[in-house]
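Construct all of the structure, not just a fragment, from the sequences and the given hints.
Chains as they are written, first to last, in numbering that gives the first Met the number 0: chain X, 0 to 287; chain A, 0 to 352; chain V, 0 to 371.
Be aware that one or more of the hints could be misleading.
Here are some of the chain X residues that sit facing chain A, going by a computed Cβ distance under 10 Å [said to hold, decoys possible]: (1) GLY231; (2) LYS232; (3) LEU240.
Below, in silico cross-link-like pairs of lysine-lysine (DSS-like), each with a Cα-Cα straight-line distance of 30 Å or less [unchecked claim]: (4) LYS274/X to LYS76/V; (5) LYS62/A to LYS312/A; (6) LYS232/X to LYS40/A; (7) LYS92/X to LYS274/X; (8) LYS92/X to LYS19/V; (9) LYS232/X to LYS92/A; (10) LYS365/V to LYS247/V; (11) LYS62/A to LYS39/X; (12) LYS301/A to LYS232/X; (13) LYS19/V to LYS109/V; (14) LYS92/X to LYS56/V; (15) LYS56/V to LYS19/V; (16) LYS312/A to LYS232/X; (17) LYS164/A to LYS145/A; (18) LYS365/V to LYS221/V; (19) LYS164/A to LYS53/A; (20) LYS312/A to LYS113/A; (21) LYS190/A to LYS232/X; (22) LYS39/X to LYS92/A; (23) LYS175/V to LYS114/V; (24) LYS113/A to LYS164/A; (25) LYS164/A to LYS312/A; (26) LYS113/A to LYS39/X; (27) LYS232/X to LYS113/A; (28) LYS92/A to LYS145/A; (29) LYS247/V to LYS22/V; (30) LYS113/A to LYS190/A; (31) LYS113/V to LYS274/X; (32) LYS92/X to LYS76/V; (33) LYS164/A to LYS39/X; (34) LYS232/X to LYS53/A; (35) LYS113/A to LYS145/A; (36) LYS19/V to LYS99/X; (37) LYS99/X to LYS56/V; (38) LYS40/A to LYS113/A; (39) LYS40/A to LYS301/A; (40) LYS145/A to LYS39/X.
Don't read these hints as lab results, they were simulated from the structure.
Glycine included, each C-beta is placed from N, C-alpha and C at the ideal position.
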Amino acid sequence: MANDRAKLTFWLLLAPLMIWLLTLIVLPHLGMFLVSLREKVGVREYETSFANYAVFFNEPLYWNTFARTAYMSVTATALTLFIGFPIAYYIAKLTRGRTKTTLFLMCLIPFWVSELVRTFGWMILLRETGVISNVLQYLGLVGGPVEMLYNDAAIMTGLVYTSMLFMVVPLVTTLDSLDDSLIEAGYDLGASGFAILREIVIPHAMPGIVSGCIVVFMLSLGNYLTPILLGGKDSLWFTGLIYNQFITRFNWELGSAFGFLLLGLSSLIVFVGLKLSRQSLGKTMAQT
Amino acid sequence: MKSKLILSTVAAMMLSSVAAQADTLRLLTWGGYAPEDVIAKFEEQTGHTVEVTKSNNEEMIAKLRATNGGGFDLAQPSQDRIAGPQAEFGIYKPLDMSKIDTALFIPSMLEATKGNTTVDGEVYAVPHVWGTSGLVVNTAEAGDVKDYTDLCNDSVAGKVSYRLKRPTLIGFAYAMGLDPFAAYGDEAAYKDIIDQVEAKLVECKANVKTYWDGGDELKNLLRSGEVVAAMAWDTGGWQLNDDNADIIFVAPASGALGWIDTFVLPARGRADDAAYDWINFVMQPEIAAMITASAGNFTASKGGDANVDDALKAKYQASFPQEAIDNIKWYPSVPAGLEALEGAALDRINAAN
Amino acid sequence: MPNTPDLECRAISKSFDDFKAVKDVSFSVPQGTFFSILGPSGCGKTTLLRMIAGFQKPTGGDLLIKGNSVLEVPPNKRPVSMVFQHLALFPMMNIGANVGFGLRQRGVNKTDIKKQVERVLERVGLGGVADRPVSSLSGGQKQRVAIARCMVLEPDVLLLDEPLGALDLKLREHMKIELKQLQSEFNTTFVYITHDQSEALVMSDQIAVMNHGVFEQVGTAKELYYEPATAFVAGFVGEANRLRATFKSAEGGLLQMVTPEGRALGGVDAGQGLSPGETVEVFVRPEAVRLSRNAADVAQMGNTGQGRVENILFNGANSQLILRDQATGAEMNMALPQTGEFRDLERGAEIAFGWDPQQTRVYRSKGNAHGK
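Quick look at the structure:
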């Protein structure tokens, strides 16, 4: 009897989450999947087929764009990790009390403004008549104005900047839980700083690294504004293609198929990443 | 529920002697087409309230398509974007011309729009604001840019911008001596034209600083001098001219591209009467002048240009001598399917190195 | 090499801003000694240990290991190893990898590491567990792995930072014996810090009692117990009753004192060269006090008195009696012999007590006394 009641309570508590999952995630995806299977054969005439998926694989442009997006996102993730790790280590291990809170807040500051404003901020810095170009000219380091916008490096800068917090937070959390005496024990047993990093700190921080990387990778892959605004004429990004299909081409069928391919391929990359780092999604999410 | 509706109706009738029924008009339009002062006047006179959503052609159609023509009571896509989407998605409903005061419109423009937006014998749109796109040029730096293809000149290398959208394809096609509008009916011929334009634009890509996306972005680029010649709307050029006299709008040698934004009723709009009220209201010459002042473009209102500010008129006349006006290429209605062709070409240009 | 001590500290000190944690401490530890540093928390013992390990840099003095100064040697190059308070076993590695960690850092080849790891694990009684995860071990086994992880490197000095603190009482008692056995088996110099006097007394060859950044006394367990050099040591090591008195006169090596309440006491000078008229502290161990129902039995013991039983703390052989001295009103703590004689003793009973002045140590009063 009590057991039944406990079960009922459990399901009632779970219900809002289930409804949320079902109506906001499962149903739209199901709808999108059905749309992606419709092949347009004439005005208001559709047939069920995989033709939209075939378009992706037959047109090099599309899978090239996907490969480029994935490659750039992986690179952005790696760079974010590379830059974020020392920052997180510094915050978690070398600071205390108020300094720690202040530094943590400083990582948050960029998120007080919208992504659009943040991106415009970078445009002001990087453009030909922008701050950096002017400072370089003023210092006499360059002869004329330099354009730092509208290239892959600018996209990368924007992506790393936008993602930094999502890498630093899980890293700080896991590094915080690393007992200082483990590091001291490592030194005491004769290890160099690098050996300690490799054998003790990184293995301990692995769940944080993996969850940070998953979040950053997904954010980069799904980013739309940053590549378009900072990348300019070289801003080929898969989400941009999806947007174009839905909005400017009125081709929902192809757009849905692209959306599903993005979902599938990004899941695949995350899966491979987890396998390579020998982490499981459950473990990663539980620890951070 | 029903008694409440009747009650509010009665209340509205008592409040306003002009309007038969007070409604909320959900207007899907462009920035500047429904300025605050016009809305205030309209609400005062009719008792309706107006909710404005600003958008652009593609998003308007995408929004209406997502709701099967619901969520809005009046929309303002360009006249070439009505017959195709209507045939494809059925997102509009025919106009009842008897409810529109046609005497307020410039007759030639009204007839042309009606002709372009007739599907199965029903008229779907009447004209509102019109304008052109052509070239905005900083004459001090790029005086030699007279036509779209001049954007590919070495003299302006790296200092050029245009949109990666269909007007660019059409403009370049005309500048290359082709006639894309004539090929609208012949998909093979049109594809041939688009292929040639694609090749030209891929070749020209090195000249481009960036493909602009929003009006403010382009204005920044021109104002800072990072871009000296761009393909853009006439109003943008005229506004920049206020800040920098060297920057002017130039009607290209091969002809500016003329567009007309219209009024259409979304298929599942609920306040048709309010929509007709709005159309008849804003087409009055003095209201039309207020919209011209806000949007920067002229309207299809007969006599609407009489009250327009002289400075704007002067700029208009400088950009458009009579032969340039005669040379404007008005967009015909886009046949369904051509946009997929253009889209693929634009994607390839974007991907080219 | 004639008698070079394994570890020698010369006037070593450490200050944090205005606070002097360690003040000019000097000592040396001969090879193979189990050396304990005993002191209350905050006395500076952890700082001292961390300086020896190299995690903190002394602000003064010198530190020598096998006769060589190691002040400029970083912790990962010092020939000392440390067993941490919470052991600090690496949870991301299995037991074998933990023990082999130090050897890997030295670049020893894999087969040798495997052999040496297995050998040292066998010596601590944990053969064949190399492939198991650390979490599969009990508290005592983890302790042994932590020691094995250090000992496999054959350090000159093994430092232990209260490693028994986290264990439960029963296991702690057991590990005391085991640690001592391991130390004599490896014949390595151990430097062990603790605040638990019983750990220090049971295991150590030499004990340094530390308080407020200085060593109060260094000696064997017996020396500390029977001949504490300072009032702090007398109070901190073992149990003691403390009485306040004024030094009157010395007669044949015995000091004559009188308490504020007027009771006369006899005792011996703990070597501080007291002079008559000084206020002194008088320490007597509970087990030195003899009890009797008959006052005549203890009359000849020198220091005698009558008291009323306040409380009886029965704890088998370690039972204690708390009574109120009728003359001074002071509370006295004494051992209650479990010979059966006092089995029927109850609270409120009157009893006579006495102790030998030779077992009464007298120290100069510092005004405010520390310790228990």
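Evaluation of the provided hints:
Of the supplied interface hints, the one on GLY231/X holds, with its beta-carbon coming within about 3 Å of a beta-carbon of chain A, less than 10 Å. Annotation: LYS232/X was flagged as interfacial toward chain A, and the flag holds, the nearest CB pair being 5 Å apart, inside 10 Å. For the restraint placing LEU240/X at the interface with chain A, the shortest Cβ-Cβ distance is roughly 7 Å, inside the 10 Å limit, so the hint holds. At most 30 Å may separate the alpha-carbon atoms for a hinted pair to count; LYS274/X and LYS76/V exceed this at roughly 37 Å.
About 35 Å separates the Cα atoms of LYS62/A and LYS312/A, which puts this hinted pair outside 30 Å; it is violated. Between LYS232/X and LYS40/A the CA atoms are separated by roughly 44 Å; this puts the pair beyond 30 Å, and the hint is violated. The straight-line distance between the Cα atoms of LYS92/X and LYS274/X is roughly 29 Å, inside the 30 Å bound, and the hint therefore holds. Between LYS92/X and LYS19/V, the direct Cα distance comes to roughly 25 Å. Compliance with the 30 Å bound is thereby established for this hinted pair.
A distance of roughly 39 Å separates the Cα atoms of LYS232/X and LYS92/A; the hinted pair therefore is violated under the 30 Å criterion. Proximity of LYS365/V to LYS247/V is assessed by CA-CA distance (about 18 Å); at most 30 Å being required, the pair is judged to hold. Restraint check for LYS62/A and LYS39/X: satisfied, since their Cα atoms lie roughly 20 Å apart, inside the 30 Å limit. A hinted pair counts as satisfied when its Cα atoms are at most 30 Å apart, and LYS301/A with LYS232/X does not qualify at roughly 42 Å.
Between LYS19/V and LYS109/V the alpha-carbon distance is near 46 Å, which puts this suggested pair outside the 30 Å criterion. For a cut-off of 30 Å, the pair hint linking LYS92/X to LYS56/V stands: about 19 Å separates their Cα positions. Taken as a hint, the LYS56/V and LYS19/V pair is honoured in the structure, with Cα atoms around 13 Å apart against an allowance of 30 Å. For the hint linking LYS312/A to LYS232/X, the alpha-carbon distance of about 35 Å lies beyond 30 Å, and the restraint is violated.
For the suggested pair LYS164/A and LYS145/A, the alpha carbons sit about 21 Å apart, so the restraint of at most 30 Å is met. Among the hinted pairs, LYS365/V with LYS221/V is consistent with the structure: their alpha-carbon atoms are about 25 Å apart, no more than 30 Å. This hinted pair checks out: LYS164/A and LYS53/A have alpha carbons roughly 19 Å apart, not beyond 30 Å. For the suggested pair LYS312/A and LYS113/A, the alpha carbons sit about 27 Å apart, so the restraint of at most 30 Å is met.
Restraint check: the Cα-Cα separation between LYS190/A and LYS232/X comes to about 24 Å, which is no more than 30 Å; the hinted pair holds. A distance of roughly 23 Å separates the Cα atoms of LYS39/X and LYS92/A; the hinted pair therefore holds under the 30 Å criterion. For the proposed pair LYS175/V and LYS114/V, the alpha carbon gap of about 28 Å is at most 30 Å, so the pair holds. About 25 Å separates the Cα atoms of LYS113/A and LYS164/A, which keeps this hinted pair within 30 Å; it holds.
For the proposed pair LYS164/A and LYS312/A, the alpha carbon gap of about 29 Å is at most 30 Å, so the pair holds. Straight-line distance between C-alpha atoms of LYS113/A and LYS39/X comes to about 29 Å, which keeps the hinted pair within the 30 Å bound. Under the criterion of a C-alpha separation no larger than 30 Å, the hint pairing LYS232/X with LYS113/A is inconsistent with the structure, at around 38 Å. With a C-alpha separation of about 42 Å, the suggested pairing of LYS92/A with LYS145/A is violated against the 30 Å cut-off.
A threshold of 30 Å between alpha carbons decides the hint, and for LYS247/V with LYS22/V the separation of about 35 Å lies outside it, so the pair is violated. For the hint pairing LYS113/A with LYS190/A, the CA-to-CA distance comes to about 28 Å; that is within 30 Å, so the pair holds. About 28 Å separates the Cα atoms of LYS113/V and LYS274/X, which keeps this hinted pair within 30 Å; it holds. Only pairs whose Cα atoms come within 30 Å are accepted, and LYS92/X paired with LYS76/V is accepted, the gap being roughly 23 Å.
Proximity of LYS164/A to LYS39/X is assessed by CA-CA distance (about 23 Å); at most 30 Å being required, the pair is judged to hold. Between LYS232/X and LYS53/A the alpha-carbon distance is near 26 Å, which keeps this suggested pair within the 30 Å criterion. Restraint check for LYS113/A and LYS145/A: the C-alpha separation of about 33 Å exceeds 30 Å, so the hint is violated. At roughly 27 Å between alpha-carbon atoms, LYS19/V and LYS99/X fall within 30 Å of each other, so this suggested pair holds.
Restraint check for LYS99/X and LYS56/V: the C-alpha separation of about 25 Å stays at or below 30 Å, so the hint holds. Taken as a hint, the LYS40/A and LYS113/A pair is honoured in the structure, with Cα atoms around 28 Å apart against an allowance of 30 Å. Distance hint between LYS40/A and LYS301/A is fulfilled; the C-alpha atoms sit about 20 Å from each other, no more than 30 Å. For the given pair, LYS145/A sits about 42 Å from LYS39/X by alpha-carbon distance, which is inconsistent with the 30 Å threshold.
Of the numbered hints given earlier, the model fails hints 4, 5, 6, 9, 12, 13, 16, 27, 28, 29, 35, 40; all others are met.
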